Amino acid sequence: MNAKTSGSTRAAAMLDVAGLHKVYTGAGRTIEAIRDVTFTVGAGALVCIVGPSGAGKTTLLKCIAGLLPSSGGKVILDRAPVAGPPSSMAVVFQEYGRSLFPWMTVRQNIELPLKQKRLPAARREQLVGDALVAVDLAEAHGAYPWQLSGGMQQRVAIARAVAYEPQVLLMDEPFAAVDAQTRADLEDLIRRLWQRLRVTVLFVTHDIEEAVYLGERVLILSHAPTVIMEDVAIDLPDARSQLETRSLPRFSELRKHVYAQIQLAKQGWRPPGESA
Amino acid sequence: MSGGKIRAVARNAGLALGLPVALLALWWIASAGSANFYFPPLQTIAQMFVEVWVSPRIFDDVLPSLGRLAAGYFGAVALGLIIGIPIGLSRTLRNVLEPVLEFLRAIPPPALVPILILLAGIGDTMKTLVIISGCIWPVLLNTVEGVRGRDEVLEDVVRSYRIRGLARLWHFIIPSASPQMFTGMRQALAIGIILMVISEMFAASNGLGFAIIQFERSFAVAEMWTGIIMLGLIGILLSQIFRLVERRMLAWYHGLRQSQRPGG
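Top to bottom, those sequences are chains Y and B. Residue numbering for the first sequence is 898 to 1173, as defined by my numbering. Residue numbering for the second sequence is 274 to 537, as defined by my numbering.
Calculated from the structure, these hints are not laboratory results. Don't take each hint at face value.
[To be verified] Below, simulated SDA-like cross-link-like pairs (lysine to any residue); rule was C-alpha separation at most 25 angstroms, straight line:
id : chain 1 : residue 1 : chain 2 : residue 2
1  : Y       : K1012     : B       : W443
2  : Y       : K1014     : Y       : M1001
3  : Y       : K1014     : B       : V426
4  : Y       : K1014     : B       : G291
5  : Y       : K1014     : B       : R423
6  : Y       : K1012     : B       : L439
7  : Y       : K1153     : Y       : G1165
8  : Y       : K1012     : B       : K278
9  : Y       : K971      : Y       : G923
10 : B       : K278      : B       : G291
11 : Y       : K959      : B       : I446
12 : Y       : K959      : B       : K278
13 : Y       : K1014     : Y       : P978
[What the hints assert, rightly or not] To spell it out: a stretch of chain Y is covered by chain B in this simulated footprint if at least three of its residues, at any positions, have a beta carbon under 8 angstroms from a beta carbon of chain B; those stretches are:
id : stretch
14 : 1007-1018
15 : 1040-1047
Bear in mind the structure is a predicted one, so any value in this text is a computation, not a measurement. Here a beta-carbon is modelled for each residue, glycine too, at the ideal position from N, C-alpha and C.
Just chain B, same shape as in the assembly (with noise of 0.2 angstroms):
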């Protein structure tokens, strides 16, 4: 790397964490010493962050929200592309579900939680079930669009090179609505992130809603504050390593779209 590239890096790095740190700062000056016992200074929230997460409780609450999360936003993405695919592919089929699927996706999926409490119990199923009821929407219809959307020209190479069957599925299809399906993917997983913690909120015995709602409950403020800290860091580790997911599958889709820019 050059000098004027290692500048480069770190003025973007300097512009991307400025902010953070500046309302950091912030927060912490103005709850310094504070005595309102809704909002205890940030000295001792951090202080607790140690107290309360580097313990049992990573093993207790966060690994199985964790384990909800993954089984709940990979069976919706996994569910959202195998229907989404067929329902792109064919005309027919979008006539006919594409009422249905407004109606089902108008639904607010945390409204589903005491169905599925009847139909699934109070387990983990139930709460996979509430990620997978909002996950899937996103996954499916960009999945629908991006399979819709494939470009006519190459879709009449494929057919007079006699691709057919599995292969154009996979050569074809399948990456011609991949920068797709990842929009859907990546709005899924802010979707998944915020049903974990409404799930765990009604009938649970652990997990990092279910921690917070008792650190509240027993007016363990500064815990409870810590709390939603580490579901931010969680948020914010999920949504890098899913870009940087994204970087690699799509570097074909990211080198395209810069080559057509005017001059570049």
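Excised from the complex, chain Y in its bound form (with noise of 0.2 angstroms):
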């Protein structure tokens, strides 16, 4: 357990967040949404961000997937700046049902990015194949969208990120507008995909549970000017499963932490020291 937790911080450093800082302006007054988050993702680990709502967490995620220009500080991936969206990242978004085109098919959808790429078409009919097996839609291919559920939805969207072969995989409150049995089970897929697939996760939310139950890490974020509160080792078993690792006294434990740290956060706590 202590060989994972030091083996995510080790120094080959695929996300590296150094005092990103992020200003809103607008029609004369500015709101501050992130006034210093500090973080650093080791190649192949799963993070997870939580925070309360209202803490910023999608202006922090948009900024590290170059969507959103920040105000200051750096993301670094895989030792390069982003300026802008890298090509070695994809985004999972919340609104499974605004993120795919519903004119195209399913496998049209995977497809289209692979296109951009300039993969020829063999490679990109084995990624598409590949990426709808591993999400379990492989007859789905000739669907649109709007035909099939929520849940079928979102996993076309992650088989989309995984076709595209990126090196970090970032997730916005991916489950938030799905059932909790489909939740479950997107949550175990995406456990499966990581361990398989060996691609850096970070995995933002505002379920304290599922924080706990996927990350090797969970990240608190305070309420919004957002700042870490604090940084999480998860010291559970890697092979995880709904029934076992939840009914774990340490899962209830951990999970007691972060939602005692997440009410301070509602009730504006910051952390000590922190730089205005």
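Assembly of the complex is requested from the two constituent chains, each provided in isolation within its own frame, with the hints serving as guidance.
Encoded structure:
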């Protein structure tokens, strides 16, 4: 367990966020969304970011994804600074109903980014096929997204991200809008894909249990203007199952601890000595 | 098809055709034996319809009209899309152009006919320009709205997968805006037919509008009525063709809408 924890903070950082700062300006007033966020994610790690609503989770993720310019600080992906969406990163968004192209079939949705990468047709076909098998949707390639259930649509979005072969997979509350049972299945799917593909995953959620269940580490965010309240190592066994892992005493302890921190964050408590 | 489905289709067809059939019957009965010079019996008009239109007139009047309509309509659609897409994409362009567009749109196209005659003469070019000047607005304005209203989440997806340039235009911008583009094109079709007739009522030597005016001036009242019926039939035919094309091209959109209906 300790080996795992030290492994995720080892020198080979895949993603390095340093002093990230974001201020929205507009209509004569400024809003400081992110004050100072610094953390490192090692290659092949699975890190969850959890925070109360209004913690600027989506803003943080968009800054890391290069979709939103930051006001200060640095995001470094595999030794290269992020200035726009990088080619080795894929994002899965919360709103599955709006993140797939409704005029394209499932196959076309997954294939379009690969065409942009100028991959040859045979390679594209293989990647699309493998990705659909990986998310258990091999039969659905000819369907349109709106013909599928919400959970299936989100699996298509995950397949699209997987087929893109990113080094880092960013997920912005991807399961917030699906029902509880589908959510549990999708959580296990993410763990399986992560273990099989050795991809680095940064998973943003507001669900404390989900963060503890999925992550090797959980970063707890403060209320806006956002700083990191705590970086919690999740020392649970690597093989996780919905039934057994969630009934471990250690799981409850971690959940309680993160819950207490989130309650503090909601009340506006901030870590001491933060730079204003 | 099951028996229930056949019945449903027959019922819908009955509902759709019921009123037109009833109105025609009413016209037929009310005008039977009419001695009014301006309102001849429908029976006379129907006989005259075959005589007037199943003739070289199809080539002399109907086809030239449809040709000018096609040129004007498709010209307007092309221009509306080409101008509308950049305006929809750029807030700056919208701020600069919106007042001008509002002004131009407010001008009734027939009022442009005298100017267009001065500029383009009285030939096909003038008539095509009149049609373009009216048809372009619904296409242009709906395209601007459609492009502007594209989904932000999908825009983030497009950006994060680095889908850019023509691929972005072709796979994202145009399909996103296509439902609104079709709304504009449907409105433009109705306007186009009106302007086709009006432009032929000014200086013209052939066309449906020209034929109707000729009949009227020579007091060939029944013939004039057949021209008006012909226009109606052409309007129905074109709008049905439009519906078929739209159903095909926007199949995804109708499917999406259906799936979003509660309980559907």
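Structure-based check of all given hints:
1. K1012(Y) x W443(B): Measuring from Cα to Cα gives roughly 13 angstroms; hence the hint holds.
2. K1014(Y) x M1001(Y): Answer holds: K1014(Y) to M1001(Y) is near 18 angstroms, not above 25 angstroms.
3. K1014(Y) x V426(B): holds (21 angstroms)
4. K1014(Y) x G291(B): violated (57 angstroms)
5. K1014(Y) x R423(B): holds (24 angstroms)
6. K1012(Y) x L439(B): Judged against 25 angstroms, a Cα distance of about 13 angstroms means the pair holds.
7. K1153(Y) x G1165(Y): With Cα atoms ~19 angstroms apart, K1153(Y) and G1165(Y) stay inside 25 angstroms; holds.
8. K1012(Y) x K278(B): violated (43 angstroms)
9. K971(Y) x G923(Y): Measuring from Cα to Cα gives roughly 23 angstroms; hence the hint holds.
10. K278(B) x G291(B): holds (19 angstroms)
11. K959(Y) x I446(B): holds (22 angstroms)
12. K959(Y) x K278(B): Violated, because 50 angstroms separates the two Cα atoms, which is more than 25 angstroms.
13. K1014(Y) x P978(Y): Satisfied, since the Cα-Cα distance of roughly 20 angstroms is no more than 25 angstroms.
14. 1007-1018: holds (count 4)
15. 1040-1047: holds (count 3)
The structure fails to meet hints 4, 8, 12 from the earlier list, while all remaining hints are met.
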